[in-house]
Amino acid sequence: MGLEIRDVEHSFGDRVALDGVSFDVVPGVITGLLGPNGAGKTTLLRILLGVLSPDHGQVRYDGRPVDEEDRRRWGYMPQERGLYPGMPAGDQVVYFGRLHGLSNGDATSRARVLLEELGLEDRWGDRTDKLSGGMQQRLQLATALVHDPAVIVLDEPFAGLDPVAVVSLSETLRQRARAGRTVLFSSHQLDLVQDLCEDIAMVDRGRTVLQGSVATLRASSGRRQLRLHVQAPNRDWLLAYPEVTVVGDEADDLRLEVPADIDPLDVLDAARAAGRVVDFGLDLPTLSQLFMAAADRTLDRAGVS
Amino acid sequence: MGTWWKLTRLVAERALFENLRSRSFKVVTGLLLLMSIAAVTIPQILGNERTTYTLATAGAAPSEMVAALDAAGRSAKFTVTYVSRGDSNAVRKAVRDGDATVGLTGGTLYTSNTAGGTFPVVVAQAVVGLETSHLLAGAGLSPQQVAELQSVRPPKQVTVGRVDNEGRAGAGLAVGVVLYLAITFAGTAIATTVAMEKSTRISEVLLAILRPSQVLVGTVVAIGTVTLLQLLVLATPLAVAVRVTDSIGLPPVAAGDITLAVAWFLLGFMLYAFLFAAAGALVNKITEVNSAILPVTMILLVGYMLAITVVTSNPASGWSVAASLFPLSAPMAMPIRWASGDVPIYQLLLAMALTAASSVFLVSVASSIYRRALLITGHRVKLREVLGGRAL
Numbered sequence: 001m002g003l004e005i006r007d008v009e010h011s012f013g014d015r016v017a018l019d020g021v022s023f024d025v026v027p028g029v030i031t032g033l034l035g036p037n038g039a040g041k042t043t044l045l046r047i048l049l050g051v052l053s054p055d056h057g058q059v060r061y062d063g064r065p066v067d068e069e070d071r072r073r074w075g076y077m078p079q080e081r082g083l084y085p086g087m088p089a090g091d092q093v094v095y096f097g098r099l100h101g102l103s104n105g106d107a108t109s110r111a112r113v114l115l116e117e118l119g120l121e122d123r124w125g126d127r128t129d130k131l132s133g134g135m136q137q138r139l140q141l142a143t144a145l146v147h148d149p150a151v152i153v154l155d156e157p158f159a160g161l162d163p164v165a166v167v168s169l170s171e172t173l174r175q176r177a178r179a180g181r182t183v184l185f186s187s188h189q190l191d192l193v194q195d196l197c198e199d200i201a202m203v204d205r206g207r208t209v210l211q212g213s214v215a216t217l218r219a220s221s222g223r224r225q226l227r228l229h230v231q232a233p234n235r236d237w238l239l240a241y242p243e244v245t246v247v248g249d250e251a252d253d254l255r256l257e258v259p260a261d262i263d264p265l266d267v268l269d270a271a272r273a274a275g276r277v278v279d280f281g282l283d284l285p286t287l288s289q290l291f292m293a294a295a296d297r298t299l300d301r302a303g304v305s
Numbered sequence: 001m002g003t004w005w006k007l008t009r010l011v012a013e014r015a016l017f018e019n020l021r022s023r024s025f026k027v028v029t030g031l032l033l034l035m036s037i038a039a040v041t042i043p044q045i046l047g048n049e050r051t052t053y054t055l056a057t058a059g060a061a062p063s064e065m066v067a068a069l070d071a072a073g074r075s076a077k078f079t080v081t082y083v084s085r086g087d088s089n090a091v092r093k094a095v096r097d098g099d100a101t102v103g104l105t106g107g108t109l110y111t112s113n114t115a116g117g118t119f120p121v122v123v124a125q126a127v128v129g130l131e132t133s134h135l136l137a138g139a140g141l142s143p144q145q146v147a148e149l150q151s152v153r154p155p156k157q158v159t160v161g162r163v164d165n166e167g168r169a170g171a172g173l174a175v176g177v178v179l180y181l182a183i184t185f186a187g188t189a190i191a192t193t194v195a196m197e198k199s200t201r202i203s204e205v206l207l208a209i210l211r212p213s214q215v216l217v218g219t220v221v222a223i224g225t226v227t228l229l230q231l232l233v234l235a236t237p238l239a240v241a242v243r244v245t246d247s248i249g250l251p252p253v254a255a256g257d258i259t260l261a262v263a264w265f266l267l268g269f270m271l272y273a274f275l276f277a278a279a280g281a282l283v284n285k286i287t288e289v290n291s292a293i294l295p296v297t298m299i300l301l302v303g304y305m306l307a308i309t310v311v312t313s314n315p316a317s318g319w320s321v322a323a324s325l326f327p328l329s330a331p332m333a334m335p336i337r338w339a340s341g342d343v344p345i346y347q348l349l350l351a352m353a354l355t356a357a358s359s360v361f362l363v364s365v366a367s368s369i370y371r372r373a374l375l376i377t378g379h380r381v382k383l384r385e386v387l388g389g390r391a392l
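Chains as they are written, first to last, in our numbering: chain H, 1 to 305; chain F, 1 to 392.
In case anyone wonders, no lab produced these hints; they're calculated from the structure. A couple of the hints might just be wrong.
To be verified - Below, in silico cross-link-like pairs of lysine to aspartate or glutamate (DMTMM-like), each with a Cα-Cα straight-line distance of 20 angstroms or less:
{"#": "1", "chain 1": "F", "residue 1": "Lys26", "chain 2": "F", "residue 2": "Glu13"}
{"#": "2", "chain 1": "H", "residue 1": "Lys130", "chain 2": "H", "residue 2": "Glu80"}
{"#": "3", "chain 1": "F", "residue 1": "Lys382", "chain 2": "F", "residue 2": "Glu288"}
{"#": "4", "chain 1": "F", "residue 1": "Lys6", "chain 2": "H", "residue 2": "Asp70"}
{"#": "5", "chain 1": "F", "residue 1": "Lys285", "chain 2": "H", "residue 2": "Asp129"}
{"#": "6", "chain 1": "F", "residue 1": "Lys6", "chain 2": "H", "residue 2": "Glu68"}
{"#": "7", "chain 1": "H", "residue 1": "Lys130", "chain 2": "H", "residue 2": "Asp91"}
{"#": "8", "chain 1": "F", "residue 1": "Lys6", "chain 2": "H", "residue 2": "Glu69"}
{"#": "9", "chain 1": "H", "residue 1": "Lys130", "chain 2": "H", "residue 2": "Asp148"}
{"#": "10", "chain 1": "F", "residue 1": "Lys6", "chain 2": "H", "residue 2": "Asp91"}
{"#": "11", "chain 1": "F", "residue 1": "Lys6", "chain 2": "H", "residue 2": "Glu250"}
{"#": "12", "chain 1": "F", "residue 1": "Lys285", "chain 2": "F", "residue 2": "Glu385"}
{"#": "13", "chain 1": "F", "residue 1": "Lys6", "chain 2": "F", "residue 2": "Glu18"}
{"#": "14", "chain 1": "F", "residue 1": "Lys6", "chain 2": "H", "residue 2": "Asp67"}
{"#": "15", "chain 1": "H", "residue 1": "Lys130", "chain 2": "F", "residue 2": "Glu18"}
{"#": "16", "chain 1": "F", "residue 1": "Lys382", "chain 2": "H", "residue 2": "Asp14"}
{"#": "17", "chain 1": "F", "residue 1": "Lys285", "chain 2": "H", "residue 2": "Glu80"}
Hey, can you work out the whole structure from these sequences and the hints?
Have a look at this one:
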């Protein structure tokens, strides 16, 4: 069943942060909550976690309104680091494990396994503020995962990470999703997380502008481009597809934009009938391109990086 | 409720261990212990030192005089040393130069006007006594009759007045001072902890798991325990000294007052702790803690001033009764008033009940401020933003 976010609204005074956001997060499917800075992502995650209460709408889990006990079994990693600077790394993980209801013994053994998985096993006794930024980030992740939560919520987990750390964090999240956990994270770096998310919910100015499976959204978008290197005497074969736009045409290299109702494979077949196709490819739109289209923004006024 | 306490205890345990492990705790506690030991032992050392007076005479002091002064010294706890000089001028010079406390030649007693206390009077009395004995003996009295006359003593002096009560009032005042300082220090520690959790964004993780009241009560309990521990450290040498030597001069009635003081510390601490915690949640950076807690410190200071000025001057006045019942001043005013000895027990219980009820009320106010203020970052939160208005 997973998480259902239904028509959630929230304002800070006169400023509307969320204006009726709805989407689902399915167990086992890594879901990205995407959008530019200030879109309302953090507010929504805080509402999910019960740190804020919605003005309107509901968060449901397993088919019923979520309660305090549910949330104690979830794991949350906030956008900014929240660790006790003077506490040894291992103790920190054990403490959060116990807050989530583990016994001291369980929390300790799980913390050891987790720190090993995250490459922090020899840092158990080090003071947290003596660890590097990347290590603190992994320690923060450990405090969110120590009780093996059924629902994992991460706010901007990739912000400020180096490429190696991005890959390793992605792998950790994929493992949890494969194990059937419900994983939701937010990000404003749309293209960075394009390959990690399976489902997305895109929000802009407090509203959901796009949601669903990334693969379907990208494939069904009208922004697909077919790339062809075709050795044909002319372009007459293209006349059969008046809806297909030629974006680029240099020597034998063709770049065509294929609308949603035309199968790119048919276009490819027509090209093969007309000449020898040496190379071809289908470029799907990036998540930021999808966002621009959905949010009806042009690059110059969008806050997307 | 079971889970509420379990999680609150976890919060308290963590904060307690962190405090006990910290260097500042070790340093402060060590200093307190040293201060307390010093306060007990230094007066002892000074008190045991016997006073020594020196008597200068022309030629050796007469043996009768020596016997009389030594006898006086035994009863009044002083020692007399004797120096002999050649003539009265030399005796006079010895006193002037400070080599002797008092000089005696012929019929003249030389004293300096700087020191000596009652010694000149003692010497003068001894001279008069000896002269009188000689005259009486010359008048035909037997040595036994002379001795009888010599043994006449002035009546024994017993100070009555209100010594006991004054001592007790002193103890009450000391309790007031210690309570004020303890609440200030502990309150600052609580505000600092809350501000640290806010500025490092730990509170956001905590609020996802815990209720604000659990975080607040846990923190307050931990720091209260630490402060109580430090108060015990401060009080232990005193208590040991009272048991062992019984010479601290602590009035015996104070024991009950001190027990009561511990109870008042707990009540007063709980009351103010939540105000301090709420103030700590308003900061943006940890360096703003001092200015954020200023209003609370001011309230505490006013309560304390009220306690020591109004209550000490007249514990029975209407204002004193009011100050000792009003929750924000009661923790300091009531112990002082109680020490005056004429507070009806129902007033004590009423004051305690009011203070306890107020702190329960303040937990909920502070929790609400805490929850709202923690999520407002980037600037110092004004009370207006978190009080009233619509709920977040």
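The hints, checked one at a time:
no., hint, result
1, Lys26(F) <-> Glu13(F), "holds (18 angstroms)"
2, Lys130(H) <-> Glu80(H), "holds (18 angstroms)"
3, Lys382(F) <-> Glu288(F), "holds (13 angstroms)"
4, Lys6(F) <-> Asp70(H), "holds (17 angstroms)"
5, Lys285(F) <-> Asp129(H), "holds (17 angstroms)"
6, Lys6(F) <-> Glu68(H), "holds (15 angstroms)"
7, Lys130(H) <-> Asp91(H), "holds (14 angstroms)"
8, Lys6(F) <-> Glu69(H), "holds (14 angstroms)"
9, Lys130(H) <-> Asp148(H), "violated (26 angstroms)"
10, Lys6(F) <-> Asp91(H), "holds (18 angstroms)"
11, Lys6(F) <-> Glu250(H), "violated (72 angstroms)"
12, Lys285(F) <-> Glu385(F), "holds (17 angstroms)"
13, Lys6(F) <-> Glu18(F), "holds (19 angstroms)"
14, Lys6(F) <-> Asp67(H), "holds (18 angstroms)"
15, Lys130(H) <-> Glu18(F), "holds (16 angstroms)"
16, Lys382(F) <-> Asp14(H), "holds (18 angstroms)"
17, Lys285(F) <-> Glu80(H), "holds (15 angstroms)"
Against the hints set out earlier in the document, violations occur for numbers 9, 11.
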